[in-house]
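A.B. asks: Residue numbers (my numbering), protein chains in the order written: chain A, 1 to 296; chain B, 1 to 230.
Bear in mind the hints are in silico, worked out from the structure with no lab data behind them.
All figures in this text were calculated on a predicted structure; none of them were measured in a lab.
A hint or two may mislead.
[As the list claims (entries may be wrong)] In silico lysine-lysine, DSS-like type, Cα no more than 30 Å apart, as pairs: (1) Lys55/A to Lys140/B; (2) Lys55/A to Lys117/B; (3) Lys157/A to Lys210/A; (4) Lys140/B to Lys65/A; (5) Lys55/A to Lys84/A; (6) Lys63/A to Lys117/B; (7) Lys26/A to Lys59/B; (8) Lys30/A to Lys210/A; (9) Lys117/B to Lys84/A; (10) Lys228/B to Lys26/A; (11) Lys117/B to Lys140/B; (12) Lys59/B to Lys65/A; (13) Lys84/A to Lys210/A; (14) Lys59/B to Lys84/A; (15) Lys59/B to Lys63/A; (16) Lys84/A to Lys65/A; (17) Lys59/B to Lys140/B; (18) Lys30/A to Lys117/B; (19) Lys30/A to Lys55/A.
[Said to hold, decoys possible] Going by beta-carbon spacing under 7 Å, a handful of chain B positions derived as facing chain A: (20) Phe28; (21) Ala139; (22) Lys140; (23) Arg145; (24) Asn146; (25) Pro156; (26) Phe157; (27) Lys160.
Note that beta-carbon positions come from the ideal geometry of N, C-alpha and C, so glycine has one too.
Listed below, chain by chain, are the residues.
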Amino acid sequence: MKQEIATPNNGNSLAAECVDEASVLKILEKHDEDRGGLIAILEEIQREYGYLPEKALRVVSDKTKHSLVDVYGVATFYRSFSLKPRGKHLVCACLGTACHVRGAPSIVEELEQQLAVKAGETTADMEFTLETVNCLGACALGPVVVIDGHYSSKVRKYRVGQLVDEARRGFDSTEIGNDQRIFPIDVSCPHCNHSLMDEAFVIDGHPSIKVSVSFDHEDGSLRLSCLYGHYRISTELDIPIGTVVNFRCPHCHVQLPSTSDCSVCGAPMVPMLVYGGGMLQICSRRGCKNHMLDLA
Amino acid sequence: MITLRINGLDVSVEQGSTLLEAARFLGFPIPTLCHMDGLSPYGACRVCVVEIGEEPKTKLVSSCTYPAEERLNVRTASARVLRARRMILELLLASCPQSKTIQDLASAHGIRQQRFKQEYEDCILCGLCVRMCEEQMMAKAIGFRNRGQNRSIGTPFDIKSDVCRLCGGCIYVCPACQLRCTYTQPDKAICGGCANLAPPCLEKEQFDDMMCYMDPCVACEVEKKAQKER
Numbered sequence: 001m002k003q004e005i006a007t008p009n010n011g012n013s014l015a016a017e018c019v020d021e022a023s024v025l026k027i028l029e030k031h032d033e034d035r036g037g038l039i040a041i042l043e044e045i046q047r048e049y050g051y052l053p054e055k056a057l058r059v060v061s062d063k064t065k066h067s068l069v070d071v072y073g074v075a076t077f078y079r080s081f082s083l084k085p086r087g088k089h090l091v092c093a094c095l096g097t098a099c100h101v102r103g104a105p106s107i108v109e110e111l112e113q114q115l116a117v118k119a120g121e122t123t124a125d126m127e128f129t130l131e132t133v134n135c136l137g138a139c140a141l142g143p144v145v146v147i148d149g150h151y152s153s154k155v156r157k158y159r160v161g162q163l164v165d166e167a168r169r170g171f172d173s174t175e176i177g178n179d180q181r182i183f184p185i186d187v188s189c190p191h192c193n194h195s196l197m198d199e200a201f202v203i204d205g206h207p208s209i210k211v212s213v214s215f216d217h218e219d220g221s222l223r224l225s226c227l228y229g230h231y232r233i234s235t236e237l238d239i240p241i242g243t244v245v246n247f248r249c250p251h252c253h254v255q256l257p258s259t260s261d262c263s264v265c266g267a268p269m270v271p272m273l274v275y276g277g278g279m280l281q282i283c284s285r286r287g288c289k290n291h292m293l294d295l296a
Numbered sequence: 001m002i003t004l005r006i007n008g009l010d011v012s013v014e015q016g017s018t019l020l021e022a023a024r025f026l027g028f029p030i031p032t033l034c035h036m037d038g039l040s041p042y043g044a045c046r047v048c049v050v051e052i053g054e055e056p057k058t059k060l061v062s063s064c065t066y067p068a069e070e071r072l073n074v075r076t077a078s079a080r081v082l083r084a085r086r087m088i089l090e091l092l093l094a095s096c097p098q099s100k101t102i103q104d105l106a107s108a109h110g111i112r113q114q115r116f117k118q119e120y121e122d123c124i125l126c127g128l129c130v131r132m133c134e135e136q137m138m139a140k141a142i143g144f145r146n147r148g149q150n151r152s153i154g155t156p157f158d159i160k161s162d163v164c165r166l167c168g169g170c171i172y173v174c175p176a177c178q179l180r181c182t183y184t185q186p187d188k189a190i191c192g193g194c195a196n197l198a199p200p201c202l203e204k205e206q207f208d209d210m211m212c213y214m215d216p217c218v219a220c221e222v223e224k225k226a227q228k229e230r
């Protein structure tokens, strides 16, 4: 057998040093060691670091009943585990039979050229990792390229450059501009009709919606993204997922009056007036994404 | 006790024994590569195939892993078994033509020619060394890595293992001698035997009747070559 030398990430001693034993132990704590969920542990470590650092594997074998040989064997057996540091963006090109006959090899070639790496490698600036898979199960849409979880179907050579650029900018930021379903809204308090918009605090490049919130004897302010369907919030409070929060207007300090309950989780819906006529209702439970928009 | 029929002879063996054990108990030879007494059966090399069942629905199984069953009809050297065994040996020989163990076995089975492309691998992935390390030496220093075509045996991260005690058990059991001395690359050595322990073969003049389990030993070959060049 030819010796396949898995480079123990020589070129990235910096990343290897960043591995914190405590954070690996924290991951291990979450998993019941007796059940032997080695793959689940490794998956979580990979989620944390983007790859499986040597030190983390050693910690896993020290703290669980698995020997280092077994841990290493599992880590090298599965394609989804990587022992080498991976880039910020993961580019995954399908080379399955259907994609292959529809021209996937030339797409991979183009990707290799654009990123200046071979398949399986990471660019020098640690931005992109190019990988190939043998089938993504979307054969009718081939050739398929997945970048950071965003699927692109029927990719042609000329689109490769666009996709790489989009990934570099980040898919989320491009979506706001292009996606018709996401748009900014202006809202005001239904009681005092004072605008809730806060120009000074910007989320996603738009003014945020400022409200006062309280729960369990704690109160403070909460800022919501004004982009409809974008759900981003910013708050100094540590609101646990699932908590029902009281919303108050920061100007008149009156609790935003609830007229209905959430159809998903049963928590009160919080109303806000939409500028130009209409009513927005959002669920007051943290983590529940239910909302309604009635435009007059 | 379980009564079964091997090559037409009725035999009683203990519950839980394998077909290989039963056949060897009766004196029927079955060649093996990945089997060793004291190690768990693995069924990797397939050289120990036997034919079980009644005509016309017989099938080939590896005797080292198949447990003896009541009234099972086993043939250890039928035409079908020999044909399959020859093919397996020829394929093993193609991947490891330099292994003396495999060569001997192949020639004993009447293989005189090699039809396949020779790969000159150092390993047939029989897992003997891995089981030796784990089950007899309690070390777990080496194991299987990667998958499919890239599957290989070695230490994690290809560096010298902390738990390896340089016992040499892996070299001793290897039929293909994958883990023979890596004299010239002591860093990558799994046991480092030659480089670290000063093997007897290097001082052959002093100990003329020294036994060496590595035949031919890489260390000796390298030494010879160096002498010739001088």
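A.B. asks: Now, for every hint given, state plainly whether the structure supports it.
C.D. replies: Checked hints:
| no. | hint | verdict |
| --- | --- | --- |
| 1 | Lys55/A to Lys140/B | holds, 18 Å |
| 2 | Lys55/A to Lys117/B | violated, 41 Å |
| 3 | Lys157/A to Lys210/A | violated, 46 Å |
| 4 | Lys140/B to Lys65/A | holds, 12 Å |
| 5 | Lys55/A to Lys84/A | holds, 12 Å |
| 6 | Lys63/A to Lys117/B | violated, 46 Å |
| 7 | Lys26/A to Lys59/B | violated, 51 Å |
| 8 | Lys30/A to Lys210/A | violated, 36 Å |
| 9 | Lys117/B to Lys84/A | violated, 34 Å |
| 10 | Lys228/B to Lys26/A | violated, 60 Å |
| 11 | Lys117/B to Lys140/B | violated, 34 Å |
| 12 | Lys59/B to Lys65/A | violated, 39 Å |
| 13 | Lys84/A to Lys210/A | violated, 44 Å |
| 14 | Lys59/B to Lys84/A | violated, 45 Å |
| 15 | Lys59/B to Lys63/A | violated, 45 Å |
| 16 | Lys84/A to Lys65/A | holds, 25 Å |
| 17 | Lys59/B to Lys140/B | violated, 35 Å |
| 18 | Lys30/A to Lys117/B | violated, 51 Å |
| 19 | Lys30/A to Lys55/A | holds, 19 Å |
| 20 | Phe28 | violated, 33 Å |
| 21 | Ala139 | violated, 9 Å |
| 22 | Lys140 | holds, 4 Å |
| 23 | Arg145 | holds, 5 Å |
| 24 | Asn146 | holds, 5 Å |
| 25 | Pro156 | holds, 4 Å |
| 26 | Phe157 | holds, 5 Å |
| 27 | Lys160 | violated, 12 Å |
Hints 2, 3, 6, 7, 8, 9, 10, 11, 12, 13, 14, 15, 17, 18, 20, 21, 27 from the list above are not met by this structure, while the remaining hints are.
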